Amino acid sequence: MALRVALCGNPNVGKTSLFNALTGMRQYVANWAGVTVEVKEGIRNWQGVKIDFVDLPGTYSLSSFSMDEKIAREYLLYKTPDILLVIVDALSMRQGLYLFLEAAELDTKTILVVNAVDEARKQGIHIDRQELAKHTGVPVVLTSAVTGEGIDDLLDTILRISSSDKKKLQFIFDEEVEKMIKALESEFISRPSLQSFPARWLAIKYLEGDPQTVALIGQTQVVAGSLREKIAEGRYKHIDLILKEVLKTSGEVMTMSDALDHVLTHKYIGIPIFLTLMYMTFTFAFQTIQPICDGIEALFTFLSDLARRSIANNTISSLIADGIISGVGSILVFVPNIFALFLILGIMEESGYLPRAAFVVDRIMYRLKLSGRSFMSFLLGFGCTVPAIMSTRGISDQRERTITVLSVPFISCSARLPVYLLIASVFFEKEKGMVVFSVYLLSVIVALMSAVLLNKILFKGEPSFLVLELPRYRMPKVKNLLLYVWYRGKHFLMKAGTIIFLASVILWILSYFPASGDPTKSFASEIGRALSVLLKPLGFDWRLSTALIFGTAAKEVIVSTLSMLFGFGKVESLGSTLTSFYDPVTVLSFLVFAMAYIPCFATLGSISSEIGKRYLIISVIYSLAVAYLLALLVRLLGGWLV
Amino acid sequence: MKKVILVAETVVGLLCFSLFLKIDWMFSLCVLVFSSIYLFGIIDSGKNPQRIDAHLMVGGTMFFISMIFAITNNLPHLEFSTAHLLIIVMGLVGLIQALILRLKFK
Ligand SMILES: Nc1nc2c(ncn2[C@@H]2O[C@H](COP(=O)(O)OP(=O)(O)OP(=O)(O)O)[C@@H](O)[C@H]2O)c(=O)[nH]1
Ligand SMILES: [Mg+2]
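Residue numbers (our numbering), protein chains in the order written: chain A, 33 to 674; chain B, 3 to 108.
Rather than coming from a laboratory, the hints here were simulated on the basis of the structure. All of these numbers come straight from a predicted model, not from anything done at the bench. Some hints could be false.
As a list, the in silico EDC-like pairs of lysine to aspartate or glutamate whose alpha-carbon atoms are at most 16 angstroms apart [to be verified]:
no., chain 1, residue 1, chain 2, residue 2
1, A, Lys72, A, Asp84
2, B, Lys108, A, Asp290
3, A, Lys269, A, Asp206
4, A, Lys111, A, Asp139
5, A, Lys199, A, Asp114
6, A, Lys280, A, Asp84
7, A, Lys276, A, Asp206
8, B, Lys106, A, Asp290
9, A, Lys82, A, Asp188
10, A, Lys462, B, Asp26
11, A, Lys200, A, Asp114
12, A, Lys198, A, Asp114
13, A, Lys102, A, Glu70
14, A, Lys269, A, Asp326
15, A, Lys299, B, Asp46
16, B, Lys108, A, Asp114
17, B, Lys108, A, Glu151
18, A, Lys141, A, Asp114
Working from the sequences, and respecting the hints, build out all of it.
Below you can see the structure in the form of structure tokens.
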């Protein structure tokens with residue numbers, strides 16, 4: 033039978049990094065709090081014993097306020113592991129040990145793991161392992177998930193403790209608190225429904241006023257939550273005593289983090305620096321990298337020519353050249369842009385700068401009644417909306433979570449990028465980087481305004497509290513970086529092989545028949561024409577309308593559709609055809625519409641599974657309305673300016 | 003001494019900004035923002051001498067980044083003006099600055 037070992041700890045202490053080091057897996061690791069939002073398992077064989085490791089979301093305490101904290105807590109309570117690893121960060125042990133003191137009462141075999149000792153050493157902090165083990169009563173292992181230090185030691189310790197007896201751990205509070213705990217404990221033991229939980233733990237949680245425990249137990253003779261401050265105070269006092277013995281520091285110099293923070297989050301130049309770096313990122317990803325994209329485009333043109341020439345049957349050669357190659361190829365052209373963008377965003381995120389931007393814009397966010405956590409979800413939204421929506425599990429306030437889920441789809445995900453790039457490079461050759469940057473900026477503004485609006489409409493603007501968790505600066509690790517880029521870019525490539533491939537074939541069929549190759553008389557045109565009545569005020573013809581319909585499957589398909597509807601049997605580029613069909617204003621309002629309208633199927637699916645079916649419908653109607661309004665606004669403004 | 007460097011680099015940075023204004027105005031704004039890191043270093047230096055180091059280090063890094071940006075962005079055209087030469091010098095000096103000052107912090 034496998035040994036089940038769970039990793040729990042504060043957010044961003046390196047649980048997933050350790051998990052990866054222990055199991056050889058490659059789960060997503062990043063330098064900010066709230067990365068892991070689900071339970072993940074992995075297996076390792078060590079000296080003939082099969083160990084099943086479980087990575088949990090980060091949590092500050094075992095009282096559950098946000099969704100991901102609840103996941104960690106439920107796992108520990110209802111699927112109690114054989115051994116519990118409590119991971120604490122060597123540089124913020126005070127907070128880590130708080131969780132440890134709670135977890136130790138769970139009546140499981142526990143190991144205290146102090147991670148990131150490499151960083152502590154660099155800052156001249158020495159951690160006395162023996163002393164720490166003595167004061168906590170459990171084995172202590174010092175590790176670094178980055179250098180691999182202490183990993184074998186940890187595995188050995190796990191085996192050693194698995195074969196020894198369970199030790200009962202208790203942290204004794206002062207008399208008044210203990211008396212209450214004892215009284216409750218004896219009451220709980222007599223209740224059959226509570227048999228499976230550690231009674232003392234429940235008693236403490238009840239006195240702390242943990243909502244779930246109170247719901248479980250109901251009222252007793254003691255008021256729930258009456259001793260919350262006393263308990264926290266007692267624990268911290270105890271921790272401070274331990275740390276005084278355990279930590280040896282040297283010197284009083286400004287740390288690197290302080291130095292960088294002083295400039296990068298500066299009162300006056302913080303925001304300009306942030307915008308400048310973002311501008312450079314976008315220009316690099318969309319302009320500098322362009323020659324590579326051109327190369328890929330040339331390759332696909334060559335391939336489709338080849339197919340046309342070498343396949344005799346007209347229908348089949350059209351399916352391959354006009355359908356598959358042009359449909360899938362028109363999207364693969366953008367792969368270098370997307371990977372370059374995520375490489376730089378990855379460097380910024382891993383180094384801890386991007387999460388800090390949350391701090392720079394904190395005052396704005398606060399006014400919008402959002403917290404740093406939703407800011408990270410918005411940031412993730414630049415990759416793919418689905419994981420961004422999943423990441424909202426870290427937001428403790430249900431109201432804020434709903435608002436974030438409904439607003440995140442407005443953030444431009446990477447699937448929308450091909451649409452922007454296609455149009456920007458055709459119509460705004462010179463200012464391409466600038467145009468794409470502006471659309472991104474607009475998408476951020478729309479998302480934020482939507483947050484304010486929803487707050488007003490749905491929740492009458494109740495104020496929210498602010499939580500900011502700043503990770504420290506770290507040199508990005510090449511391995512993490514490559515993983516990051518791969519995670520973000522992967523689904524783009526996979527979609528090209530699956531959804532987009534399929535959509536290309538279906539689209540080709542719809543636009544080839546019944547007129548054998550004349551899209552203007554095809555089924556697709558019928559569909560588009562039906563809808564274009566609605567979109568007429570925006571200036572979209574049936575082609576653009578068709579593209580928008582198919583774009584709901586995945587937004588890249590907009591590009592495939594356009595390239596198919598305009599490209600049939602033609603050799604000259606899509607660009608020159610497009611310019612002869614539309615004026616810049618129409619195209620710009622199309623761009624804005626494509627940015628904001630209905631989230632793709634995958635996103636709708638995750639909205640409904642995260643916050644409920646009702647919101648799926650709300651989201652569709654809401655985003656369509658916003659898109660229509662914005663596009664109309666662009667059209668009116670454009671018509672007035674030109 | 004360090005203050006002199008800050009002042010000198012602010013001036014050169016502003017010069018760079020004005021030279022780039024005609025070539026690529028967006029990039030010149032970037033240079034302006036980064037020069038202001040040096041500028042604020044002079045203003046902030048009163049309270050804590052280590053802040054000067056911080057400004058020099060971060061400013062240096064930013065100029066190094068802009069150097070790389072300016073070069074890669076100009077690679078296809080391969081025409082380097084005085085402005086480009088100046089930003090390259092600023093970038094290299096910035097890199098050295100950042101590498102040395104890095105050791106001053108834990
Ligand atoms: N220097 C150093 N960095 C580490 C170490 N362990 C983790 N990190 C870094 O810390 C950051 C956070 O690591 P994660 O493994 O994502 O942390 P986590 O605890 O799983 O975080 P959540 O899932 O958000 O709770 C990453 O940037 C890691 O590269 C370590 O031992 N030494
Ligand atoms: Mg994690």
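Verification of the supplied hints:
Taken as a hint, the lysine 72/A and aspartate 84/A pair is honoured in the structure, with Cα atoms around 10 angstroms apart against an allowance of 16 angstroms. For the hint linking lysine 108/B to aspartate 290/A, the alpha-carbon distance of about 10 angstroms falls within 16 angstroms, and the restraint holds. A C-alpha spacing of about 11 angstroms is found between lysine 269/A and aspartate 206/A, which places the hinted pair at or below 16 angstroms, so the restraint holds. Restraint check for lysine 111/A and aspartate 139/A: the C-alpha separation of about 13 angstroms stays at or below 16 angstroms, so the hint holds.
For the hint pairing lysine 199/A with aspartate 114/A, the CA-to-CA distance comes to about 13 angstroms; that is within 16 angstroms, so the pair holds. At roughly 35 angstroms between alpha-carbon atoms, lysine 280/A and aspartate 84/A are farther apart than 16 angstroms, so this suggested pair is violated. The hinted pair formed by lysine 276/A and aspartate 206/A fails the criterion: a straight-line CA distance of about 20 angstroms is larger than 16 angstroms. For the suggested pair lysine 106/B and aspartate 290/A, the alpha carbons sit about 12 angstroms apart, so the restraint of at most 16 angstroms is met.
For the hint pairing lysine 82/A with aspartate 188/A, the CA-to-CA distance comes to about 13 angstroms; that is within 16 angstroms, so the pair holds. Of the supplied pair hints, the one linking lysine 462/A and aspartate 26/B holds, its CA atoms being roughly 11 angstroms apart against a limit of 16 angstroms. Under the criterion of a C-alpha separation no larger than 16 angstroms, the hint pairing lysine 200/A with aspartate 114/A is consistent with the structure, at around 14 angstroms. Straight-line distance between C-alpha atoms of lysine 198/A and aspartate 114/A comes to about 10 angstroms, which keeps the hinted pair within the 16 angstroms bound.
Of the pairs offered as hints, the one joining lysine 102/A and glutamate 70/A holds, with about 10 angstroms between alpha carbons and a cut-off of 16 angstroms not exceeded. Pair hint lysine 269/A plus aspartate 326/A does not hold up; C-alpha atoms about 64 angstroms apart against a cutoff of 16 angstroms. Taking the CA atoms of lysine 299/A and aspartate 46/B, the gap is about 11 angstroms. The hint holds against a cut of 16 angstroms. For the given pair, lysine 108/B sits about 40 angstroms from aspartate 114/A by alpha-carbon distance, which is inconsistent with the 16 angstroms threshold.
Using a Cα cut-off of 16 angstroms, the hinted pair lysine 108/B and glutamate 151/A holds, with the two alpha carbons roughly 10 angstroms apart. A hinted pair counts as satisfied when its Cα atoms are at most 16 angstroms apart, and lysine 141/A with aspartate 114/A qualifies at roughly 7 angstroms.
In this structure, the hints that do not hold are numbers 6, 7, 14 and 16, in rising order.
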